[in-house]
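J.: The chain contents come next:
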Amino acid sequence: MNEVKAVIADDEAPLRQFLRARLSEVWPELVICGEAKNGKETLDLIERHSPHIAFLDIKMPGLTGMDVAEKIAGSCRIVFVTAFDEYAVEAFEKEAVDYLLKPVSKERLEKTVKRLKEDLASGAALPAEILQRLMVRLSREEGSGRLQYLRVQHGDGVRLIHVDDVIYFKAEDKYTAVITKEGESLVRKPIKELAEELDHEKFWQIHRGAIVNVRFIARMSRSLTGKGVVKLKDRSETLTISNAYMHLFKQM
Amino acid sequence: MKPTMEFRLDKKRVVTTLALTAAFNTVIALFLTHLGFGRGLGINFIFSQSIGLCMCAFILAGHYFVKRPSIALHALLLLIAMPAGAAAGAFVGAQIAGIPVSEILRGRPAYFIQMLFIGILFGTMITYFFFSRARLSQTEALLREEQINRLTLEKHTLETRLRLLQAQIEPHFLFNTLSNVLSLLESDPARGKAMLEDLTRYLRSSLSRTRDRMTTLGQEMDLVRAYLDICEVRMEERLHYTIEVPDKLRDMPFPPMLVQPLVENAVKHGLESKIEGGEILIKAEAQDGCYRLVVADTGSGLQGDAISGIGLANVRERLVALYEGKARLILEDNNPSGLKVTMEIPHE
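Protein chains in written order, with my numbering: chain A, 1 to 252; chain B, 1001 to 1348.
Same shape as in the complex, but just chain A (with noise of 0.2 Å):
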């Protein structure tokens, strides 16, 4: 085989150039090409040199080294390099992938060197449903947690509204109402779509076009007619229970 040849990609330059110097220790034939700073210029820089082997930082501006991943699809060695990540690095464990944690020890990279320059011989590359996975995983870490802000109007800026500072949603036809204790606003979601991201523990379905939060729920009674209404805390108006949603005041 003719020369090797890596391309570098962390957001920090002190790190970039830290694994460039223990690199050229351990494995002195390997041509690096090019050093890149964000996730676009990884790609480019993979385009322009079709690289054997690309060290990809995780966390990088633009795209991350995840994206970079799928987008080059396997057509070159990728080792991954993190400073601390737990569920990164058990998603690499469990799914075998090359990775190396920052501060970069030689041993590891001796290592990591040596299972590279085995793979390289084979022509084993990283399977694209590995990276699905591995994403899957990571994203799900990521992006885990119920529903937190809604943007509103509010005068000539935007807010953001913490949902435990919401009293009650009311539907308003593509829009809902947020009722909070300094007024009303509108967001722009139907109140169907909100009621699947909100925490059922916090927030109860009490009609079709009202959700209230628990916390201000002061009592339940039921109207001359039968119906149960809900009185708020601290508020002089009255939300009204349809049947179908009378089952959460069961337990009351």
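Bear in mind the hints are in silico, worked out from the structure with no lab data behind them. It cannot be assumed that every hint is accurate.
[Unchecked claim] Below are the DSS-like pairs computed for lysine-lysine, each with C-alpha atoms no more than 27 Å apart in a straight line:
no.	chain 1	residue 1	chain 2	residue 2
1	A	K231	A	K202
2	A	K233	B	K1326
3	B	K1326	B	K1283
4	A	K227	A	K170
5	B	K1326	A	K202
6	B	K1193	A	K59
7	A	K233	A	K170
8	A	K117	A	K94
9	A	K181	A	K233
10	A	K71	B	K1274
11	B	K1067	A	K233
12	A	K181	A	K202
13	A	K59	B	K1268
14	A	K231	A	K189
15	A	K231	B	K1011
16	A	K202	A	K233
17	A	K192	A	K227
18	A	K5	A	K117
19	A	K40	A	K71
20	A	K40	B	K1268
21	B	K1268	B	K1283
22	A	K231	B	K1067
23	A	K5	A	K111
24	A	K192	A	K174
25	B	K1326	A	K181
26	B	K1067	B	K1011
27	B	K1193	A	K106
28	B	K1067	A	K227
29	A	K59	B	K1274
30	B	K1326	A	K231
31	A	K5	A	K59
32	A	K227	B	K1011
33	B	K1155	A	K202
34	B	K1155	A	K233
35	A	K111	A	K94
36	A	K71	B	K1268
37	A	K5	A	K106
38	B	K1274	A	K40
If you're wondering where the values come from, they're calculated on a predicted model, not measured in any experiment.
Following the hints, put chain B in place on chain A, whose structure we already have.
T.: Using the frame of chain A, we list chain B on its own:
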């Protein structure tokens, strides 16, 4: 304590109340017979039971209609229910005992009036007994509730403290910084040394402060500065910051680790993901009876109308715990891009 009491009319309460009243009635009948009142134990027992149970039923019926009476309304209810119950009881008693109504209206004062008087006298005593019993059990319930609240709060405080500890020495940050220091020691030892000093400063102040409930805004700003200095070495031209805190506010008492998470959020979610980076402005001012702290970045901001998974839950929870809902955390889109977080804290 609540000003009014709630009277729940469940089956258990009705049965115990009636049973206890019947027991009292028996005692009253024995007592009156012993004094030589009336026409013997049998008749006294019948009247005592019918008057007592009727009064009791009238009062319970009153509670059925008004479940949470105010003190005045409750007094009115008793004032009506007791004489009415006693009168009704006297007639019922006469029916059961087979005594004609004209009989009980005789006498001077009329037997009927005597019975009414005795009924109301004992009725007041018994009602007072039931009332204090209810108040006692309600106080106990309140106490229990308070205890549960306190325990929940304690558990919560402990959890928050633990999370705080983990948050401030975030492993990713620590290892990334150490990697930088290590590489700079080879390529640029002076900068590497400076960064190590920043890290030491950061670790020392954050670790020593976890134990303190209150520090000063100045100390928090020193921590933030150490943090940002480290980030600046790592991100180079992609991060610039300005801290505008008037000297007179530096001594203001301030809970630890409230601003730092906001700054960390601005770096992590605002600037790190943006290719060209941006600026962070940290500003403190005293205004309209509260302190206002602003952390604004020109980073990538928050996208979409419904946003999930940003790391400020910790700060919100601690603000609620520390200031009992009197502090506010306001998130806004920053102009032209990024996020602006304003924290309003009342003067102590």
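J.: Each hint should be assessed against the structure and marked as holding or not.
T.: For each hint, the structure was consulted:
Restraint check for K231 (chain A) and K202 (chain A): satisfied, since their Cα atoms lie roughly 16 Å apart, inside the 27 Å limit. At roughly 17 Å between alpha-carbon atoms, K233 (chain A) and K1326 (chain B) fall within 27 Å of each other, so this suggested pair holds. This hinted pair checks out: K1326 (chain B) and K1283 (chain B) have alpha carbons roughly 20 Å apart, not beyond 27 Å. For a cut-off of 27 Å, the pair hint linking K227 (chain A) to K170 (chain A) stands: about 19 Å separates their Cα positions.
Simply put, K1326 (chain B) and K202 (chain A) have alpha-carbon atoms about 22 Å apart, close enough for the 27 Å limit, and the pair holds. For the proposed pair K1193 (chain B) and K59 (chain A), the alpha carbon gap of about 25 Å is at most 27 Å, so the pair holds. Proposed proximity of K233 (chain A) and K170 (chain A) is supported: the alpha carbons are some 17 Å apart, at most 27 Å. Restraint check: the Cα-Cα separation between K117 (chain A) and K94 (chain A) comes to about 22 Å, which is no more than 27 Å; the hinted pair holds.
Between the alpha carbons of K181 (chain A) and K233 (chain A) the distance comes to roughly 11 Å, so the proposed pair stays at or under 27 Å and holds. A hinted pair counts as satisfied when its Cα atoms are at most 27 Å apart, and K71 (chain A) with K1274 (chain B) qualifies at roughly 19 Å. Between K1067 (chain B) and K233 (chain A) the alpha-carbon distance is near 19 Å, which keeps this suggested pair within the 27 Å criterion. With a C-alpha separation of about 17 Å, the suggested pair K181 (chain A) and K202 (chain A) falls inside the 27 Å cut-off, and the hint holds.
Taken as a hint, the K59 (chain A) and K1268 (chain B) pair is honoured in the structure, with Cα atoms around 10 Å apart against an allowance of 27 Å. Using a Cα cut-off of 27 Å, the hinted pair K231 (chain A) and K189 (chain A) holds, with the two alpha carbons roughly 26 Å apart. Distance hint between K231 (chain A) and K1011 (chain B) is fulfilled; the C-alpha atoms sit about 26 Å from each other, no more than 27 Å. For the given pair, K202 (chain A) sits about 15 Å from K233 (chain A) by alpha-carbon distance, which is consistent with the 27 Å threshold.
With a C-alpha separation of about 23 Å, the suggested pairing of K192 (chain A) with K227 (chain A) holds against the 27 Å cut-off. Between K5 (chain A) and K117 (chain A) the CA atoms are separated by roughly 12 Å; this keeps the pair inside 27 Å, and the hint holds. Under the criterion of a C-alpha separation no larger than 27 Å, the hint pairing K40 (chain A) with K71 (chain A) is consistent with the structure, at around 11 Å. Proximity of K40 (chain A) to K1268 (chain B) is assessed by CA-CA distance (about 19 Å); at most 27 Å being required, the pair is judged to hold.
Distance check on the hinted pair: K1268 (chain B) and K1283 (chain B) sit about 19 Å apart at the alpha-carbon level, within 27 Å; holds. Using a Cα cut-off of 27 Å, the hinted pair K231 (chain A) and K1067 (chain B) holds, with the two alpha carbons roughly 16 Å apart. Proposed proximity of K5 (chain A) and K111 (chain A) is supported: the alpha carbons are some 18 Å apart, at most 27 Å. Among the hinted pairs, K192 (chain A) with K174 (chain A) is consistent with the structure: their alpha-carbon atoms are about 10 Å apart, no more than 27 Å.
Between K1326 (chain B) and K181 (chain A) the CA atoms are separated by roughly 13 Å; this keeps the pair inside 27 Å, and the hint holds. Taking the CA atoms of K1067 (chain B) and K1011 (chain B), the gap is about 15 Å. The hint holds against a cut of 27 Å. Only pairs whose Cα atoms come within 27 Å are accepted, and K1193 (chain B) paired with K106 (chain A) is accepted, the gap being roughly 22 Å. Taking the CA atoms of K1067 (chain B) and K227 (chain A), the gap is near 19 Å; set against the 27 Å cutoff, the hint holds.
Only pairs whose Cα atoms come within 27 Å are accepted, and K59 (chain A) paired with K1274 (chain B) is accepted, the gap being roughly 11 Å. Between the alpha carbons of K1326 (chain B) and K231 (chain A) the distance comes to roughly 24 Å, so the proposed pair stays at or under 27 Å and holds. For the suggested pair K5 (chain A) and K59 (chain A), the alpha carbons sit about 23 Å apart, so the restraint of at most 27 Å is met. Of the supplied pair hints, the one linking K227 (chain A) and K1011 (chain B) holds, its CA atoms being roughly 24 Å apart against a limit of 27 Å.
A hinted pair counts as satisfied when its Cα atoms are at most 27 Å apart, and K1155 (chain B) with K202 (chain A) qualifies at roughly 19 Å. With a CA separation close to 26 Å, the supplied pair K1155 (chain B) and K233 (chain A) stays within the 27 Å bound. A threshold of 27 Å between alpha carbons decides the hint, and for K111 (chain A) with K94 (chain A) the separation of about 18 Å falls inside it, so the pair holds. Restraint check for K71 (chain A) and K1268 (chain B): satisfied, since their Cα atoms lie roughly 24 Å apart, inside the 27 Å limit.
In summary, the hint linking K5 (chain A) to K106 (chain A) is supported, as the alpha carbons are separated by about 20 Å, within the 27 Å threshold. For the given pair, K1274 (chain B) sits about 12 Å from K40 (chain A) by alpha-carbon distance, which is consistent with the 27 Å threshold.
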